[in-house]
Amino acid sequence: MATEILMPALSPTMEEGKLAKWLVKEGDRVESGDILAEIETDKATMEFEAVDEGIIGKILVPEGTEGVKVNTPIAILVEEGEAVPEGPAATPAAPAAAPAAPTQAPAATTAATSAPAPSEAPVRAVAPASAGGQRIFASPLARRLAAEHGIDLAALAGSGPHGRIVKADIERALAQGVAPAAASAPAAQAPAAPQAAAAPAGPSAAEVARLYEDRPYEEVPLDNMRKTIAARLSEAKRDIPHFYLRREIRLDALLAFRAQLNATLADRGVKLSVNDFIIKAAALALQEVPDANAVWAGDRILRLKPSDVAVAVAIEGGLFTPVIRDAETKSLSAISAEMKDLAARARERKLAPHEYQGGSFAISNLGMYGIDNFDAVINPPHGSILAVGAGVRKPVVGDDDTVEVATVMSVTLSVDHRVIDGALGAEFLAAIKRNLENPMAMLA
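First residue of the sequence shown: 1, per this note's numbering; consecutive thereafter.
Treat each hint with caution, since some may be false.
Cβ pair distances, simulated, as ranges [unchecked claim]:
1) Leu-211 - Asp-341: 41 to 49 Å
2) Lys-21 - Leu-211: 32 to 40 Å
3) Arg-418 - Lys-21: 38 to 46 Å
4) Arg-232 - Pro-395: 56 to 64 Å
5) Met-368 - Arg-29: 24 to 32 Å
6) Gly-398 - Thr-329: 29 to 37 Å
7) Arg-418 - Glu-26: 33 to 41 Å
8) Ser-234 - Lys-21: 27 to 35 Å
Straight line, CA to CA, 20 Å or less: simulated SDA-like cross-link-like pairs of lysine to any residue [said to hold, decoys possible]:
9) Lys-350 - Glu-66
10) Lys-394 - Phe-374
11) Lys-21 - Glu-348
12) Lys-25 - Ile-55
13) Lys-167 - Val-274
14) Lys-18 - Ala-231
15) Lys-305 - Glu-355
16) Lys-330 - Phe-374
17) Lys-69 - Met-225
18) Lys-350 - Lys-394
19) Lys-69 - Ile-55
20) Lys-330 - Lys-394
21) Lys-69 - Pro-221
22) Lys-340 - Pro-290
23) Lys-227 - Pro-203
24) Lys-340 - Leu-245
FYI, nobody ran anything at the bench for these hints, they're computed from the structure.
Each residue gets a CB set at the ideal place from its N, CA and C atoms; glycine is no exception.
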């Protein structure tokens with residue numbers, strides 16, 4: 001029986017992606033674990049593996065197609081000698097309308113997935129849902145076997161990629177004698193909730209374009225990364241009650257200590273950056289002020305035990321925030337090496353989702369661009385983010401009331417008031433400052 005290969009969800013938050021490249025062609029035989037295609041998400045390009053064996057009977061979605069929704073059929077897998085079902089190819093994304101004039105921006109449209117036309121051939125691709133309404137990920141072959149044997153997919157734990165239920169899980173359930181699924185009664189229809197008043201919408205793309213009809217401009221389409229950045233940061237500024245705490249930090253002791261360490265470690269090829277010290281200082285501060293090591297989880301606050309520190313990395317067309325996990329336990333040289341590796345792969349868009357998801361706190365450093373200070377937007381669900389400015393030589397008054405020239409760095413802690421109150425945020429920022437101004441203590 002033919003089965004459909006569906007667009008995979010390569011991360012918990014993925015809703016759509018670009019089918020960047022097919023690595024197989026029609027007629028190829030594939031085994032479980034073979035790489036079928038490269039899928040471009042909002043953050044990275046990842047390989048998609050086969051979970052069933054068979055022949056690629058037909059490719060429904062050509063490579064290069066953007067806006068392919070998760071669970072859209074992208075190809076048909078058939079068994080040896082089986083005919084490919086007749087039927088039109090799937091159309092996973094509606095192309096954007098062409099501009100009416102060279103300088104006219106098109107109206108904003110949403111890529112829509114059209115359902116495949118019904119066919120008399122027995123092709124099945126139904127995404128089951130659990131009793132709680134959560135989507136269950138299962139391969140087409142696993143769904144077919146479960147239906148044939150009356151097995152409830154919601155009762156199984158998948159062993160495939162991202163917990164997907166595969167053929168082996170069904171066979172294991174049959175061997176263990178799992179009870180068949182009970183017939184579900186039709187659910188009573190709940191009364192419709194009153195619709196909330198819609199927020200006033202901003203000007204449409206066409207309305208904005210009309211403002212510039214007499215001015216030359218270039219239209220830049222939004223890729224998946226830019227759409228995600230726009231959506232998440234708009235949500236953050238709208239929903240998170242930000243407040244801001246600012247401190248100035250003297251860097252003279254740190255710069256001298258860094259120079260000494262770099263000279264000592266030169267034979268090992270280690271070169272520590274100021275940012276490596278900031279990561280370590282923040283990681284230790286999260287341990288010193290554990291209530292600040294927290295994230296907002298909707299109806300609760302989650303307080304993390306390890307210090308998982310996210311660091312913003314600028315790439316062409318956007319940014320990543322790879323996470324240094326357990327940073328409080330790592331040496332400065334280990335943090336430096338890991339950060340260089342993550343940043344390099346971020347710029348190539350080769351990070352796996354688990355490498356840029358999670359953490360409770362982030363660092364955004366624009367000091368290398370000569371920015372003295374700025375306010376960063378919190379990346380949900382993080383509780384705070386530290387904006388780091390440049391180190392500047394300026395006169396300061398010492399403890400003995402003498403004036404001296406020192407290198408001073410301005411930092412701003414953006415804080416989610418739902419998670420961290422003012423006094424707690426001030427205590428956390430003071431711990432970061434203390435660690436940076438006493439760098440040798442970070443090695444104790």
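Going through the hints against the structure:
1. For Leu-211 and Asp-341, the Cβ-Cβ distance of about 45 Å falls inside the hinted range of 41 to 49 Å, so the restraint holds.
2. Remark: the range hint 32 to 40 Å for Lys-21 to Leu-211 is upheld by a beta-carbon distance near 39 Å.
3. At about 42 Å, the beta-carbon gap between Arg-418 and Lys-21 stays in the expected band of 38 to 46 Å.
4. Under the hint 56 to 64 Å, the C-beta atoms of Arg-232 and Pro-395, about 41 Å apart, miss the expected range.
5. Against the hinted window of 24 to 32 Å, the Cβ-Cβ separation of Met-368 and Arg-29 comes to about 51 Å, which falls outside the hint.
6. Range check, Gly-398 to Thr-329: Cβ separation about 35 Å, and the 29 to 37 Å hint holds.
7. Between Arg-418 and Glu-26, the C-beta spacing of about 52 Å breaks the proposed range 33 to 41 Å.
8. Taking the beta carbon of each, Ser-234 and Lys-21 are about 31 Å apart, inside 27 to 35 Å as hinted.
9. Restraint check for Lys-350 and Glu-66: the C-alpha separation of about 19 Å stays at or below 20 Å, so the hint holds.
10. Taking the CA atoms of Lys-394 and Phe-374, the gap is about 19 Å. The hint holds against a cut of 20 Å.
11. Proximity of Lys-21 to Glu-348 is assessed by CA-CA distance (about 16 Å); at most 20 Å being required, the pair is judged to hold.
12. As the CA atoms of Lys-25 and Ile-55 are separated by approximately 10 Å, the hinted pair is consistent with the 20 Å bound.
13. Among the hinted pairs, Lys-167 with Val-274 is inconsistent with the structure: their alpha-carbon atoms are about 51 Å apart, more than 20 Å.
14. Distance hint between Lys-18 and Ala-231 is fulfilled; the C-alpha atoms sit about 18 Å from each other, no more than 20 Å.
15. For the proposed pair Lys-305 and Glu-355, the alpha carbon gap of about 18 Å is at most 20 Å, so the pair holds.
16. Restraint check: the Cα-Cα separation between Lys-330 and Phe-374 comes to about 29 Å, which exceeds 20 Å; the hinted pair is violated.
17. Distance hint between Lys-69 and Met-225 is fulfilled; the C-alpha atoms sit about 15 Å from each other, no more than 20 Å.
18. As the CA atoms of Lys-350 and Lys-394 are separated by approximately 41 Å, the hinted pair breaks the 20 Å bound.
19. With a CA separation close to 24 Å, the supplied pair Lys-69 and Ile-55 exceeds the 20 Å bound.
20. In summary, the hint linking Lys-330 to Lys-394 is not supported, as the alpha carbons are separated by about 33 Å, beyond the 20 Å threshold.
21. At most 20 Å may separate the alpha-carbon atoms for a hinted pair to count; Lys-69 and Pro-221 meet this at roughly 19 Å.
22. About 27 Å separates the Cα atoms of Lys-340 and Pro-290, which puts this hinted pair outside 20 Å; it is violated.
23. For the given pair, Lys-227 sits about 17 Å from Pro-203 by alpha-carbon distance, which is consistent with the 20 Å threshold.
24. Of the pairs offered as hints, the one joining Lys-340 and Leu-245 is violated, with about 29 Å between alpha carbons and a cut-off of 20 Å exceeded.
Against the hints set out earlier in the document, violations occur for numbers 4, 5, 7, 13, 16, 18, 19, 20, 22 and 24.
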